[in-house]
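Assemble the complex: chain A is given as a structure, and chain B must be docked to it using the hints.
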Amino acid sequence: MSIDQRLRNGLHPADPDHGLDTLAALRRVEQRVTRRTRATHAALSALVAAALVAVIGVGAAFQQGRPDTPDVVAAEPSERALIGTYVVDVPDSPVARIEGLVGRWVISLEADGALELRPPPSYTGATTGAAWRVEDELLRTDALVEPGCQADNGYVGTYRWSLTDDLLAFSLVDDACDVRRALFTSSAWERVP
Amino acid sequence: MDADEEFRWLFVNDYPSVVRTTYLVLHDHARAEEIAQDAFVQLLRHWSKVHQYESPSAWLRRVAIRLAVKEARRDQRRLVLTRRDHETPRPAAAGGPVEVDEELVAAIRTLSPQQRSVVVLFYYEDRPMDQIAEILGCTPATGWVHLHKARKRLGALLRTEVHTDVD
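Here the protein sequences come in this chain order: A and B. According to the numbering used here, the stretch in the first sequence is residues 2 to 194, in order. According to the numbering used here, the stretch in the second sequence is residues 3 to 169, in order.
Quick caveat, the hints were computed from the structure, so don't treat them as lab data. Some hints could be false.
[Unchecked claim] Here are the simulated SDA-like pairs of lysine to any residue, each with C-alpha atoms no more than 20 Å apart in a straight line:
1) 72(B) to 118(A)
2) 151(B) to 2(A)
3) 51(B) to 35(A)
4) 154(B) to 10(A)
5) 154(B) to 7(A)
[Said to hold, decoys possible] Label pairs and their computed distance ranges (CB to CB):
6) 99(A) to 15(B): 29 to 39 Å
7) 130(B) to 50(A): 47 to 57 Å
8) 161(A) to 15(B): 46 to 56 Å
9) 32(A) to 130(B): 32 to 42 Å
10) 193(A) to 5(B): 39 to 49 Å
Quick caveat: nothing in here was measured; it's all calculated off a predicted structure. By construction, the Cβ of each residue, glycine as well, lies at the ideal position given by its N, Cα and C atoms.
Here chain A stands alone, though its shape is the one from the complex (with noise of 0.2 Å):
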């Protein structure tokens, strides 16, 4: 049997309810929303409510010329620092020539570990999909797996980076992925707004 005959017959389920309570699901699910709507009313409330003890006290303020200005600022950690979106022109190279990569990438860096890539129209790989993780100085990222960095040549790549001002700059400590190689080591990335 060809692997596309076993896909097609093999991943409908034996038994498809499975035990299902399906009837107890849709209780749970019309309750949700329910409970969902009343919350937002209370939000909606609670936020007129807010708004108004806001004005109050700004006001309050105002009048006895105290400037509003915070008393502590949090640390950030390193991970934090990183977040945001940055550009990187990748310069022209045996590899970003064949691989489509030369030209201006758009990075983000998410707060949710998500690394999102905006190639320019030469990349034809995937691009979603993709992490990134901080401990110390160090970086690592499964981006640009595939099918520029398969899973047994490179899964994940660790690189030690640096941020001067608007620049991130990367250096390899491990990566056998030339693919990704060039897309963080070939220029900084700009921080944009």
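Only chain B this time, still in chain A's reference frame:
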């Protein structure tokens, strides 16, 4: 049939297969049910608008699959970035359904979330590639690349002949 009855009818009709789709992406039955219910919650919240669509079921499935893919990617981040032996698949969650082809489903678990999602959408949901690409937020060309690699990997794992009838 009023709008509420229509929603309940759709729920009873579609819930098992939506759970199955999310299960094939996540391989965790309890979370698959949670994700499916999250999708139905969204459907119910937008029901006044969505029930006028030609296929509310298609809208629901898109939401469910997107949620499942997002969850699978989050899993991948947790796994891949916290340990180096990422190639070792997790054991199957207890209490899962009895599979027609256990070996095939186990092999699918070893695929990346993107490849797994394309396989499920293409072979189980029977969707055309342009829809799959739209759901996954990639180009159809990228979708075909995922499918090609997934079939190749599954063929190798299962020692099964890989034909080219989908190319």
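Problem set entry | Supplied distance hint 47 to 57 Å, evaluated on CB atoms of residue 130(B) and residue 50(A) | holds (51 Å)
For this session: Please work out if residue 51(B) and residue 35(A) have their alpha carbons no farther apart than 20 Å.
Result: holds (18 Å)
Exercise. Is it true that residue 193(A) and residue 5(B) lie within 39 to 49 Å of each other by Cβ?
Worked result: For residue 5(B) against residue 193(A), whose Cβ atoms are near 46 Å apart, the range 39 to 49 Å holds.
Problem set entry | Distance restraint hint 32 to 42 Å, applied to the beta-carbon atoms of residue 32(A) and residue 130(B) | holds (36 Å)
Problem set entry | 20 Å limit on alpha-carbon distance, applied to hinted pair residue 154(B) and residue 7(A) | Holds - the C-alpha atoms of residue 7(A) and residue 154(B) are around 13 Å apart, at most 20 Å.
For this session: May I ask you to test the hint 29 to 39 Å on the CB atoms belonging to residue 99(A) and residue 15(B)?
Result: violated (50 Å)
Problem set entry | Satisfaction of the hinted span 46 to 56 Å by the C-beta atoms belonging to residue 161(A) and residue 15(B) | For residue 161(A) and residue 15(B) the Cβ distance comes to about 54 Å; the hint holds.
Problem set entry | 20 Å limit on alpha-carbon distance, applied to hinted pair residue 154(B) and residue 10(A) | Measuring from Cα to Cα gives roughly 18 Å; hence the hint holds.
Exercise. For the pair supplied as a hint, residue 72(B) and residue 118(A), is the alpha-carbon distance within the 20 Å limit?
Worked result: holds (16 Å)
Exercise. Is the hinted pair residue 151(B) and residue 2(A) satisfied, with a Cα-Cα distance of at most 20 Å?
Worked result: holds (19 Å)
When the structure is compared with the earlier hints, a violation turns up for hint 6 alone.
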